[in-house]
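**Student:** Sequence:
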Amino acid sequence: MRPSLLLLLLVAACIERPWKDAPGRAVDRSALGDVLLQAPPAGMIPVGAVFGAQAELVGYKLDPPTLVPGQSATLTLIWRCKAEMDPWRIFVHLDDANGTGGRIHAEHDPAQGRYPTEAWRPGDLIADAVNFVPERFPLRLYLGFYSQGETRLHLDSPGRGKDDGANRLFVAALPVQQ
Numbered sequence: 002m003r004p005s006l007l008l009l010l011l012v013a014a015c016i017e018r019p020w021k022d023a024p025g026r027a028v029d030r031s032a033l034g035d036v037l038l039q040a041p042p043a044g045m046i047p048v049g050a051v052f053g054a055q056a057e058l059v060g061y062k063l064d065p066p067t068l069v070p071g072q073s074a075t076l077t078l079i080w081r082c083k084a085e086m087d088p089w090r091i092f093v094h095l096d097d098a099n100g101t102g103g104r105i106h107a108e109h110d111p112a113q114g115r116y117p118t119e120a121w122r123p124g125d126l127i128a129d130a131v132n133f134v135p136e137r138f139p140l141r142l143y144l145g146f147y148s149q150g151e152t153r154l155h156l157d158s159p160g161r162g163k164d165d166g167a168n169r170l171f172v173a174a175l176p177v178q179q
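Here the sequence shown stands for residues 2 to 179, numbered as in my numbering.
If you are wondering where the hints come from, they were derived from the structure by calculation, not from laboratory data. Even glycine gets a Cβ: it sits at the ideal position worked out from N, Cα and C. Heads up, a few of these hints could be off.
Pairwise CB distance ranges, derived in the manner of DEER restraints [unchecked claim]:
1) Pro42 to Thr67: 28 to 38 angstroms
2) Arg122 to Pro70: 32 to 42 angstroms
3) Ser31 to Gly100: 31 to 41 angstroms
Pairs of lysine-lysine residues, derived as DSS-like cross-links and limited to a Cα-Cα distance of at most 25 angstroms, are as follows [to be verified]:
4) Lys62 to Lys83
5) Lys83 to Lys163
6) Lys62 to Lys163
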């Protein structure tokens, strides 16, 4: 092999190539300044739960900190990628803590679909915001990862949360202003 061709191959191997999501579209990391963090945000509530040895829920932030019925709120989940991941979606269940069966569902691809799990890189710190409108009852926050059907990513360690036995992490009770 000629030295110039060998050098060209070595240089090409060092060039960062864009990650692709499941349909094969390139993911532009430069457009993710609001999603890829350098450090956890101030005021984050730590959790430390690990799913499938691949993703850690470092913590979460709730804005406003006390929910008001009928007013929009944002739950920002802070994830750390620990290993390359397959395509998973995140589910957030905000269940009525009074036991009436009420639930707010927030199944989604991370970062409003802009940064799917299969594009995450080990070491990434990811902010994943979920908007919702609470009702008049206190909420219990559960979450996890799922793929097609009922398959859920294994909850290895609940950290400061609790494992509900179905690979669903109970994170916290969220008060709603009365």
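**Student:** Are the Cα atoms of Lys62 and Lys163 separated by 25 angstroms or less?
**Tutor:** holds, 18 angstroms
**Student:** Compare the distance between the alpha carbons of Lys62 and Lys83 with 25 angstroms, and conclude whether the hinted pair is satisfied.
**Tutor:** holds, 21 angstroms
**Student:** Looking only at beta-carbon atoms, does the pair Ser31, Gly100 fall within the given range of 31 to 41 angstroms?
**Tutor:** violated, 46 angstroms
**Student:** For the pair supplied as a hint, Lys83 and Lys163, is the alpha-carbon distance within the 25 angstroms limit?
**Tutor:** Given pair Lys83, Lys163 holds - Cα atoms ~20 angstroms apart, limit 25 angstroms.
**Student:** Does the Cβ pair Pro42, Thr67 satisfy 28 to 38 angstroms?
**Tutor:** violated, 18 angstroms
**Student:** A range of 32 to 42 angstroms was offered for this pair. Does it hold for the Cβ distance of Arg122 and Pro70?
**Tutor:** holds, 39 angstroms
Hints 1 and 3, counting from the list given before, are not met by this structure.
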